[in-house]
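Sequence order for the protein chains is A and B. First residue of the first sequence: 31, per my numbering; consecutive thereafter. First residue of the second sequence: 82, per my numbering; consecutive thereafter.
Pulled from the structure, derived: some chain B residues nowhere near chain A, Cβ distances all over 10 Å: (1) S287; (2) N293; (3) V299; (4) G355; (5) E388; (6) K427; (7) E484.
With a straight-line cut-off of 27 Å between C-alpha atoms, the simulated BS3-like cross-links for lysine-lysine are: (8) A:K325 x B:K395; (9) B:K225 x B:K196; (10) B:K385 x B:K404; (11) A:K62 x A:K121; (12) B:K196 x A:K325; (13) B:K404 x A:K325; (14) B:K385 x B:K395; (15) A:K325 x B:K399; (16) A:K199 x A:K261; (17) B:K196 x B:K469; (18) B:K160 x B:K535; (19) A:K62 x A:K117; (20) A:K325 x B:K133; (21) B:K483 x B:K445; (22) B:K196 x B:K399.
Computed spacing ranges between beta-carbons, pair by pair: (23) B:A292 x A:S306: 43 to 51 Å; (24) B:K149 x A:M164: 44 to 52 Å; (25) A:L291 x B:K399: 35 to 43 Å; (26) A:V146 x B:A472: 54 to 62 Å; (27) A:L38 x B:E467: 29 to 37 Å.
What the hints contain is simulated information worked out from the structure, not anything from laboratory work. Model, not experiment: these values are computed from the prediction. Note that beta-carbon positions come from the ideal geometry of N, C-alpha and C, so glycine has one too.
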Amino acid sequence: METIITELSRYLIVILMALYTFWGFAAFSAKKKKKKARLYRKQRINMHIFLLLGHLILYLNTNDVIILGLYGCELVFFMISNFLYRKIYGKMNQPIVNHMQMLFSISFVMLARLNVDSAKKQFAYMAAGMVVCMILPWLLRHYHKLQEEGWFYAVLGLILLLVVLFFGKAKYGAKNWLYIGPLSIQPSEFVKVIFVFAFASILSQTKFTLKNVAKVSAMAAAFVLVLVLEKDLGAALIFFLCYLFMLYVATGKKRILAAGLGAGAAASFVGYHLFSHVRTRVLAWQNPWSDIDNKGYQIAQSLFAIGTGGWFGMGLMQGMPDRVPIRESDFIFAAISEELGAFFGICMILIYVSCFIWFASIAVKAANPFFKLSALGFTVIMMSQTFLTLGGVTKFIPSTGVTLPLVSYGGSSVLSVIVMMCSLQGIHLISDKEDEEIDEEQEELEEE
Amino acid sequence: MTKNKKNSKKNKKEKGEKRGGNREILVVTYMLSALFLGLIGYFVYFMAVQSKDVINNSYNQRQTILAKRVVRGKILGRKGEVLAETVSDGKGGETRSYPYGRLFTHVVGHSSQGKTGVELSENFNLLTSNDNPVTNFQKKLDGKKTIGDNAITTLDVDLQRVAYDALGNHKGAIVIMEPSTGKILAMVSKPDYDPSPASLDIQWNSLVADANEESCLVNRATQGLYPPGSTFKIMTTLAYMRQTEDTSKFSYQCQGTEKQDGIVVNCYRNHVHGNLNLQSAFAKSCNSCFAYLGTKLNTNEYRKVCESFYFNTKLPTKMVHNKSSFVLNKDSNKEEIMHTAMGQGKTQITPLHAAMIVSTIANKGVMMQPYVVEKLESNSGTVVRETKETAARTIMTEEETKELTTYMTEVIRSGTATSLSSLSYPVAGKTGSAEYDATKNSHAWFLGFAPADKPKVAVAVIVEGAGTGSEYAVPIAKKVFQSFLGN
Chain A
31 METIITELSR YLIVILMALY TFWGFAAFSA KKKKKKARLY RKQRINMHIF
81 LLLGHLILYL NTNDVIILGL YGCELVFFMI SNFLYRKIYG KMNQPIVNHM
131 QMLFSISFVM LARLNVDSAK KQFAYMAAGM VVCMILPWLL RHYHKLQEEG
181 WFYAVLGLIL LLVVLFFGKA KYGAKNWLYI GPLSIQPSEF VKVIFVFAFA
231 SILSQTKFTL KNVAKVSAMA AAFVLVLVLE KDLGAALIFF LCYLFMLYVA
281 TGKKRILAAG LGAGAAASFV GYHLFSHVRT RVLAWQNPWS DIDNKGYQIA
331 QSLFAIGTGG WFGMGLMQGM PDRVPIRESD FIFAAISEEL GAFFGICMIL
381 IYVSCFIWFA SIAVKAANPF FKLSALGFTV IMMSQTFLTL GGVTKFIPST
431 GVTLPLVSYG GSSVLSVIVM MCSLQGIHLI SDKEDEEIDE EQEELEEE
Chain B
82 MTKNKKNSKK NKKEKGEKRG GNREILVVTY MLSALFLGLI GYFVYFMAVQ
132 SKDVINNSYN QRQTILAKRV VRGKILGRKG EVLAETVSDG KGGETRSYPY
182 GRLFTHVVGH SSQGKTGVEL SENFNLLTSN DNPVTNFQKK LDGKKTIGDN
232 AITTLDVDLQ RVAYDALGNH KGAIVIMEPS TGKILAMVSK PDYDPSPASL
282 DIQWNSLVAD ANEESCLVNR ATQGLYPPGS TFKIMTTLAY MRQTEDTSKF
332 SYQCQGTEKQ DGIVVNCYRN HVHGNLNLQS AFAKSCNSCF AYLGTKLNTN
382 EYRKVCESFY FNTKLPTKMV HNKSSFVLNK DSNKEEIMHT AMGQGKTQIT
432 PLHAAMIVST IANKGVMMQP YVVEKLESNS GTVVRETKET AARTIMTEEE
482 TKELTTYMTE VIRSGTATSL SSLSYPVAGK TGSAEYDATK NSHAWFLGFA
532 PADKPKVAVA VIVEGAGTGS EYAVPIAKKV FQSFLGN
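Work out the full structure, taking the sequences as your base and the hints as a guide.
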């Protein structure tokens, strides 16, 4: 029985995922609201079939009742949070909600397969995050200090990073963990949020004289520098790109973009020659096979998993993702691709891309420069983080040790992504409301 | 009414203008999205092209899963002879069987106690089933194993047997290649062992312990490093041809020894070869003359010539092999140079590499990548992968290969391999007797190809510790030529 279901579902899951992804892109070009709504509904159905199938296969293979319990909790929670957000805020950006839940579903299924305990914790983080963040759209609209006190938040963020630099513990080479009692948190994940709001505020209020740009950039550079000292190169790169692109959008000067990218390239070159751990990563990327026992081990195991899984995957519970190091977190994409297949993996990448396009559209629509820059900052952070993870796992670029948003296991990572996505929803709601107000004014004008 | 509509449009436009920075946001989004497109493109390329080679790695433990689901495919000879297959005992047990026993031990390899040879190089492909998808799906639903793909090799069973028998009880190796394609037609390494799992399990510990220092597990054809002896005069001659305008002007008076700065090199058994030109020096394999020639060479250029033939680097092949080495450089002393030029010294070469070098001469200067696996076929007969004949490098000009071929035919006509002159077609070759210890024991070498004017086959023969190439290696090559091309 379970072999039949497992075997049939190997293909079914890929088809579900392909349709889901296709509908996601079809919604971009759909003009009528009704048609869009229909596509989103179909997406939700596919997501629920995937979630059900995934847990069913896991249950049939393990006979672990906890998996069914988890499935029930996830189902109930998705429904409640959908209901509450809609009741309180009305028109959320539906495709983003869909993608968020689809990625959560993938995370739950894969984590339950790899380690049920992690799946339980991940669910708890997600649930807690979604409840706490319910306040965010309201906060964004009413708490104006956030828009005004940019420098204060920037200093706060920098202090947080410095605390980690001095009191933090290293894990997988980067010193980016803080242990408070039984809690282990990764403050840089939350500093990302503070960083975006702080610099959105500063940049939206600054007059762009050379002196001012230098002052703001020096502050941003301090963040990047501290992260480099913590050996958290992935985060350093993400912060750098985030600031550079925010500055470019705020000033609209191509020269700044070009100079920034040039400076980034120069800094990477210097970093390569200065830090041995950077060279190690690059060498492991260039030829993992020459040192497969040691430095090339992670990436080699990841490629074995992805390659052996093939286009349709080995099937859930049929592979050996346990061989891949850090499979629940940074390398979860390897485990997903091994068991669910490379087609599934490509669909997942496309889901991320369409999600980011919606993010960008929120930034485009936002009228208030603070919100515009914040939305852009979050978009850049999540895009670059996703790219660094996926590129590292597949050996497209050297591995930088960052997590896959929403899918990788980890409380700090999940919470900070939820905060960013809910903030984006908040900004979306604000500009939607302004749109309505303007439309109403115009209608009044027209009536006159 | 229409005016109002226009107004409202205008208002909206103004609203849009107020919202600056949108163009920049699009630029940023496009830039980052382009990275993702690149990532997807690379990912597809990895899956479609690279993944098969990547996963076929002994560090990838997933073969144990695949072996539970797939019946390991067969390894076949060029005419479809079964060289290795998995046989079911009908009770759910399986065993790997090698119908030709020890005949293909090293080249086909074994599959228990680790894997070697084709069993290793095609491990994951043999465990992958590209059979009819409907059949496979049905089998999976029934909980049955699917049937893995078969590897069809370039190996010629008849030729392999002739070479195997000809080497007899000697230690050594024979590599037979098709010069125009790089196909390995036969590859023998002795001593060998029985590759069948039952026997291997029993013998394994003693094979690994290797109390008699026979190194049965080593495939000497690809991994054995030997001094090249006089066969290396081919390289020295080529280096000299490249550094001299007119080789026909060369002459040397052999007195059985060559003395320079107190360093003495003797001809074989101090034989006095008398007045020589380059061709007769080559044919008679005059050590004194080549030691002298070596001192005339620019060592850097000499090294470059050898390195262009893949000395000191990995050979262009997927087969597991060792690097041949050539150690001269501009600081080398005269003694090293004189010994290296005649084929002694520290130079080391694998039989496979030697076969590739003569094949290059036979193939007008183009070295082909040698290969053993011709293609992979699914159980239902569809071709899954086919090896393309690939040129590794063009190393010599046609003129150079012609000149060398002339010298090498002279070896058969009047030199050290005259016993091959009885064949009805011309043969080109070079013998070697490589001394490997102070007591002047030597390995017997022969490298050659035939027919010399239209090469179809190239061979490298080495017989360990036997004696001279003329006496021990040439007769083996003769049997190979006779079997492949007739008398």
